[in-house]
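The whole structure should be built from the sequences, with the hints applied where relevant.
There are 2 protein chains.
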Amino acid sequence: MSVAKTGKISPLDPSAAEPFYRQIYDRFRGAIASGVLNPGDRIPSARALTKELGLARGTIEAAYSLLAAEGYIQARGQAGTIVSPDLKPRTPVAAPMLETIHSIALPSFRPDSIMPFQMGLPALDVFPRKIWARLSARSVRAMQPSDMTHPAIAGLPALRVQIAAYLQVSRGIICSPSQVFVTSGYRHTIALIAHVVLKAGDRVWLEDPGYPPTRELLKHMNITAVPLPIDGEGMVVADGLKAAPRARAAVVTPAHQSPLCVSLSLPRRLALLDWASRNKAWIIEDDYDGEYRYVSRPLPALKSLDRDGRVLYSGTFSKVLFPSLRLAYLVVPETLVEQFEQTMNLLAAGSPQLTQAIITAFITEGHFARHIQRMRKLYAVRRDATAAGLESVLGQHMRIDAQPGGMHLILRLRGRRSDRRLAARMKEEGLFADVLSEWSIQCEEASALLLNFTNVESQRTAENLGRRILKLM
Amino acid sequence: MSVAKTGKISPLDPSAAEPFYRQIYDRFRGAIASGVLNPGDRIPSARALTKELGLARGTIEAAYSLLAAEGYIQARGQAGTIVSPDLKPRTPVAAPMLETIHSIALPSFRPDSIMPFQMGLPALDVFPRKIWARLSARSVRAMQPSDMTHPAIAGLPALRVQIAAYLQVSRGIICSPSQVFVTSGYRHTIALIAHVVLKAGDRVWLEDPGYPPTRELLKHMNITAVPLPIDGEGMVVADGLKAAPRARAAVVTPAHQSPLCVSLSLPRRLALLDWASRNKAWIIEDDYDGEYRYVSRPLPALKSLDRDGRVLYSGTFSKVLFPSLRLAYLVVPETLVEQFEQTMNLLAAGSPQLTQAIITAFITEGHFARHIQRMRKLYAVRRDATAAGLESVLGQHMRIDAQPGGMHLILRLRGRRSDRRLAARMKEEGLFADVLSEWSIQCEEASALLLNFTNVESQRTAENLGRRILKLM
Chain A
1 MSVAKTGKIS PLDPSAAEPF YRQIYDRFRG AIASGVLNPG DRIPSARALT KELGLARGTI
61 EAAYSLLAAE GYIQARGQAG TIVSPDLKPR TPVAAPMLET IHSIALPSFR PDSIMPFQMG
121 LPALDVFPRK IWARLSARSV RAMQPSDMTH PAIAGLPALR VQIAAYLQVS RGIICSPSQV
181 FVTSGYRHTI ALIAHVVLKA GDRVWLEDPG YPPTRELLKH MNITAVPLPI DGEGMVVADG
241 LKAAPRARAA VVTPAHQSPL CVSLSLPRRL ALLDWASRNK AWIIEDDYDG EYRYVSRPLP
301 ALKSLDRDGR VLYSGTFSKV LFPSLRLAYL VVPETLVEQF EQTMNLLAAG SPQLTQAIIT
361 AFITEGHFAR HIQRMRKLYA VRRDATAAGL ESVLGQHMRI DAQPGGMHLI LRLRGRRSDR
421 RLAARMKEEG LFADVLSEWS IQCEEASALL LNFTNVESQR TAENLGRRIL KLM
Chain B
1 MSVAKTGKIS PLDPSAAEPF YRQIYDRFRG AIASGVLNPG DRIPSARALT KELGLARGTI
61 EAAYSLLAAE GYIQARGQAG TIVSPDLKPR TPVAAPMLET IHSIALPSFR PDSIMPFQMG
121 LPALDVFPRK IWARLSARSV RAMQPSDMTH PAIAGLPALR VQIAAYLQVS RGIICSPSQV
181 FVTSGYRHTI ALIAHVVLKA GDRVWLEDPG YPPTRELLKH MNITAVPLPI DGEGMVVADG
241 LKAAPRARAA VVTPAHQSPL CVSLSLPRRL ALLDWASRNK AWIIEDDYDG EYRYVSRPLP
301 ALKSLDRDGR VLYSGTFSKV LFPSLRLAYL VVPETLVEQF EQTMNLLAAG SPQLTQAIIT
361 AFITEGHFAR HIQRMRKLYA VRRDATAAGL ESVLGQHMRI DAQPGGMHLI LRLRGRRSDR
421 RLAARMKEEG LFADVLSEWS IQCEEASALL LNFTNVESQR TAENLGRRIL KLM
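Chains as they are written, first to last, in our numbering: chain A, 1 to 473; chain B, 1 to 473.
Warning: the hint list may mix true and false statements.
Chain B regions said to be covered by chain A (calculated; three or more residues, Cβ under 8 Å) [as the list claims (entries may be wrong)]:
#1 127-136
#2 177-188
#3 199-207
#4 306-314
#5 319-332
#6 383-396
Derived by calculation from the structure, the hints in this document are not laboratory data.
Here a beta-carbon is modelled for each residue, glycine too, at the ideal position from N, C-alpha and C.
See the structure below:
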C-alpha cells in the first residue's frame, strides 16, 4: 500500500501516464477501500502534503477536491481533514416502492447526500428511474447532428407544446406554446422576469414570510421589497394597496403559500388581478407545488383567471420530477413574448437539448401524469405518517399546523424556544431543518421548523427522527 | 385519410384518449408521410382551421407548433403555412468519418437544420456519437437519489477537477478546482461576471470588430462599451490607455481575435496585464476556440501570464464538443471565488447533473483529449479545402484572409459590394453567412463574409457552395 496508516504517502511516479493528482487520489481511495484508512482517521492537510511531496499546491487540492466530491474525505476546518465518518458499504437508499432499484456498478463507498427533512425535495426513492434511464438512452441514441446545434432559445418546441397542453389540463391555464419559456430553474425564471419587466428602484410586493431566494435576488438587482403579511386567506392584498399601490409587481404563491401553506382565497385573487389591471402591474405566480394538494382537487392556478394578461406564471420540474434536472418554465402574457425572446437570447442560449428531449418523451408517453398521480397519493400517506410520528414523540414541545397540501410540515415550537438554535444543532447531527424565522422579513412569526416529509417513508422513521430531535432540545 | 389533399380535416373524435391537438398533429403527419400532402402544399391557417373545427385557437396552435418544431410545416407569413419544401426521406448527414453513424428509429421526415457556413458550429458529422451514447446511458443508469437533488451550484466537483487539470495541460493555466465555475454558456458566463464585478455606468474595453452578443449583453446591463481597434497584433491596448484608462474591465479574445483571427501579441498581453494590475481592472479572456490552431502549437492562454489575479477566463464546451450541451466554464481569481459562489447561488442553481456527469466521463476516459486532437487535424484539412474550393470559384470577387487558426474563413469582398445584402440573399437560399460589418461597432471594416468551414467536408462541396454564392452576386 502506498498510503500508510498515518496518511503518509510514498513517492509518486513521474513517468506514469496518470497525472499526479490522479495518483494521489487513487492512493487514498485504495487505502480507504482496503481499510488501511478508516472512517474518522485524520489525513495530512493539503498544505502539509504539498510540502512533503514537493508538488504544486493545486495538484494536492485537485486530488482532495475529487476525494471530497466523491465523499471519501471531509474538511473539518481547524480539526483538519478526515476520512468521512459516515462511509459505509453502499446500500440501496430507502425502500423501493414503485420501481425496483437498478443495480449499478459505482465506487462502493459513498455517503448518502440526502438529509432527512431537506426542503424542496420530492420523494427520490420512488422515482421511476428505470423508465427514465430507458427514455434517456433512447434520446441520446437518436441524437443527430441537428440535435447538437444551438438549441432553440426559448426551449425545445415539442416540450413547449407539451407544457402548454399539461397546464391546460392540470392547472386550467390556456396558453399557446409560444408563451411558454423553458428556463433552468425558479431563480433563472425570476432573474429573467426582473430583467424584462422590472428596473432598479422598482417596488415589488412580497409575501412575509416568503421564500428567501426571491427577496435576495430582487435585492441584488436593487429592487425594493414591500413585505405583506399572510393571514388565513393568504397574502393580505389590502395592505399592499395601502402601503404601495404603485408597486410594479407582486410575487405570490397562491396554491400553497410558501411556507405557511394557506391558499390565496378567491376574493384575494380577484383583488390582486384588479389591482394589477388598473395599475399595469405584473403578478408573478410561483406555482412551485400546485400539483400537491391532498384534501381536495388541486386548485386552478391564479393565471387561469387572468383576463387582462397581467400574470407571469412560474412552474418547475424540480418538485414533480427532480431538482438536478435544472428545468423549469415560465408562461408570459402574449404582449411580452417578444421581449422575453430578446432578453433570453441576450442572457443565455437555451437549456440542454438532452434533458429537454427526455422530459418531452416522459410527458408524451404518459409517465409524467402517472407519476404526479402516484406522488399525490404517496405524499398524502407520508405526510400523515410523518405528522403522527413526530407528534407522538415531540407533541409536548411542538404543534403541527394542519395544511391542505404542500411538501413540508410546520412544527411550531411551544414556549420561547429558538428555532434557529435548534435547527443549528440538528444540522450538526445531519438533520436538515429550515426555520420559519429565517423566511420572515419583518413579520414576527413564532418559532417553527419547516420539515419536508416527502422522503420520510414511514411513521416509524418519523418517530426515530423525532427522538433524535428530542435529544437536542 | 382524414386530411384531404386540400388540407381539409375530417371531424375529430372527442371520446379518443388522445387530446385534440394530438389528433390534429397525427392527421397532418400521416397525410404528409403517406403523400396525401406534398412538400410545398399549402395547409389551412390556424385561424381558418380554428373556425372550421370549432376548437380553441390554442389547440390548433399547439398542433401546428409541434408540426413546425419537427419540421413538417413552415409558416411563411403572408404566404400562409405550407408543408416544408425541403422534406425528404431521412438520410445520414454528411460522410461519417471517425465514427459510423448509429442507425436510429425516428420520424422518417425531418429537414436538416444545419446550414452550411453556420458560425460557431464544430464538425457535427464526425462527433463520436456512439461513445457519447454509451457514456450517457451508463451515467443515467448509475443515477442514484443523491444524484437527483439540487446539484452543486458551481458545478459537479469531479467536473471542476477535470476542467482544472485540462486547463493546466492544454492552456497553461494553473488553478484549483474551487476557482472553476460551470456555467450554461458564454452568455451566462458574461452575465455572471457583469453581476459580480461590474455595475451600471461602468466602462469596458471591447474589441472592434468583436462578437456582437458581448456588447449587446453589456449594453442591456447599462455598461458602456469603449471600442478599441484591432491591428496585426490584436486589440490596440494603447488606444484604450488613451481613451479610457480608468475602465473597469476589458473583454479580449487573445488566441484568435473574434472575428479577425489575429493573435494578441506578447507585448500587448503584458501591456494589458500591467494596465489591469495598476488600475485594479479586470480582464475577461474569452478563449472560445483556443484549441484550434493549425500552423503551430496552440498558444498558452493569457490567463497563464496572470500573476496578480486580474484575469477571468471563459471557456466553453460548445466548440470542442457541441452547442446543445449548454455547458461552459469560468475560472476566476482566488480573491473572487466567494463572491462568485454567492452570486451564482442567487441567480441560478447549477447546471444539470446528467450533462455534467457525461462530460466528466468523456474527459476522464480520454475521449475528450483524443477528440480535440482529431478535430485539430480535420479542421486544418477542411479549412484548406474550403478556402481552395471557394477561391477557385469566387477568386475574382473575394480575397480570403490567411489565418493561423479558428473555425471560420474571412472572405473580403472586392469593390464596394455590400456584405449585408449578399448575406441576406444567401440566407434566402439556405446558406448561412455572418457579415463583418455587423460585428463592427465604429471601425470601418471592409465588406466581408464570415464563413464557418468546419462542416464543409470537401473541396468539391466548397466549390458547389461557391457556385451557389456566385449566382447571387
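Results for each hint:
no.	hint	verdict
1	127-136	holds (count 5)
2	177-188	holds (count 7)
3	199-207	violated (count 1)
4	306-314	violated (count 0)
5	319-332	holds (count 6)
6	383-396	violated (count 0)
Hint check: violations occur at hints 3, 4, 6; the rest are consistent with the structure.
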